[in-house]
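**Student:** What follows is the residue order along each chain.
There are 2 protein chains.
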Amino acid sequence: VTRESDLLRHIYRRSAHLSDRDAVVLGPGDDAAALHMSHDALLTVDQLIEGRHYAKGTPVDAIAHKAVARSVSDVAAMAGRPRAALCAACLRTGTTEADALFDAVARSGDALGCPMIGGDIAFADGPTILTLTVIGTPHPVRGPVTRSGARPGDTVCVTGRLGNSFKSGRHLAFTPRVEEACALADALGERLTSMIDISDGLGRDLARVAEASGVRITLDAAALPRHDDVDGWLSAASDGEDYELAFTVTGTPPDAVHGTAVTVIGMVEDGAGCIARADDGTLHDLTEAGWDHES
Amino acid sequence: VTRESDLLRHIYRRSAHLSDRDAVVLGPGDDAAALHMSHDALLTVDQLIEGRHYAKGTPVDAIAHKAVARSVSDVAAMAGRPRAALCAACLRTGTTEADALFDAVARSGDALGCPMIGGDIAFADGPTILTLTVIGTPHPVRGPVTRSGARPGDTVCVTGRLGNSFKSGRHLAFTPRVEEACALADALGERLTSMIDISDGLGRDLARVAEASGVRITLDAAALPRHDDVDGWLSAASDGEDYELAFTVTGTPPDAVHGTAVTVIGMVEDGAGCIARADDGTLHDLTEAGWDHES
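Those sequence lines, one after another, are chains C and W.
So the mapping is simple: my numbering equals the position in the first sequence, first residue as 1, plus 6.
So the mapping is simple: my numbering equals the position in the second sequence, first residue as 1, plus 6.
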């Protein structure tokens, strides 16, 4: 097993170029990093756990991409842009690919607009865990788009297509919808009333929007855009790990944004919860439909 | 085991008061938190691992305090002030005190000047791990005090007393030297040439300052301030987990800062590494003396 001090030295060398970038006042290698922030900061943290969020044996590039992309997706869900990231890794004792993993995390950060400016490494007798903190900036005009702004009469929309992300492997290769989210905020401004990224399942995540906004969200099951390998609307509504944007719009939504299709999937109404209306008219409560990280 | 969604709901309720604070634009409960940042941001992340950084059975209040205080200490080491924090927890499967632990983390954050504005919870078959990201602001005049500014001729100083922190239990109850660090930057300005907090051991940590600054640091072994329960200077120089500040000063250092004693322990010279000169005149290389989290 590589020693922590050797690993850290390697990381600092790799990140030496970062100090050239305007935003990064001080990169890795000191007690803390320093980042130039003229705006407010968006901050999010997420853990990626071996055996839970990815199978043992997944290539390090895919692990690293997913770890960074999930937290970037949270910034996108606010209509923000990622600026920098920190990676804390607790690696399974005996891990031989620690350095390859950190190289891959650094590359993923660069590719996704958030260079790694700090981190921490440890080893333990448990699954490998990558904890990614991403710092971003909100949309300069619209500000943070929260979950709490949906209003009765708004249209509910989703980007892209849904379902079967985990089994198909798409959960390892998705592109966080940063450009789409910024373009929505550009185009819609205050008409973009709420937004969330779909991690735990469309129904469960929209139930959070409904709860935060104090409204009911009713989906048209037949309207849910599905990937070709998805069997039935319930899979699209509950599989999770799609990392698409679900959002609410006052007035007319766009058909597409930044080249990605936008589909109208439901309406915001008075009430509570997230329900789906199937073709046969039956109503299905989706509030608990989805992937609980705990289950 | 409590469900993640229930835990998160509890956390959001507990943090509802945060939105009243000026700096916290948006607290926990959305995809990301938002923080008002008019200055640059200091950012650091650290992991606290059960069985490594604290013994199983340690009271949750002590675990939470140490988790938050370690990352706050990193901000202090830059002469910064903590502003907010995020806590990612991966709890040992079957943990029954998840909620008590999060309550304690929230209290520790409040007590240490960095309210929790976000987090993530998961469970896994491994040690409980608390990953604390702390966001701070640098000293408004002096800016970030790095490890790389020590110059030959500078005096090397340390706050407080050293040694036997882990066995004595002091590692669970220390106060991060935020006020001391800010007061040093106030009083010394650019004469405060470098600073680090002592986590892995005085010798090992000062070796990092020496490497970053391109200098040698020579300590007077007899001068090291020791707690009463510490046997010999090597323990003070290598035990680690002191979370005191070690720093270099051009010109005369203060005798005390913010009520905490400051002790002159050595000099900065041309060369490399960190060595200690014992009473008998022998030289001891301290570069590798200290607690490696990996060993």
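Honestly, I wouldn't trust all of these hints.
The list cannot tell twin chains apart, which means a pair is met if one copy fits it or any two copies do.
Keeping only pairs whose Cα atoms sit at most 25 angstroms apart, straight-line, the calculated DMTMM-like set for lysine to aspartate or glutamate is [claimed, not checked]: (1) Lys-173 - Glu-275; (2) Lys-173 - Glu-196; (3) Lys-62 - Asp-131; (4) Lys-62 - Asp-235; (5) Lys-62 - Asp-192.
For the record, the hints were derived by calculation from the structure and aren't laboratory data.
**Student:** Look at each hint and say if it fits the structure.
**Tutor:** A quick look at each hint next to the structure:
no.	hint	in the structure
1	Lys-173 - Glu-275	neither (34 angstroms within a copy, 60 angstroms between copies)
2	Lys-173 - Glu-196	neither (37 angstroms within a copy, 57 angstroms between copies)
3	Lys-62 - Asp-131	both (15 angstroms within a copy, 14 angstroms between copies)
4	Lys-62 - Asp-235	within (24 angstroms within a copy, 46 angstroms between copies)
5	Lys-62 - Asp-192	neither (41 angstroms within a copy, 51 angstroms between copies)
Hints 1, 2 and 5, counting from the list given before, are not met by this structure.
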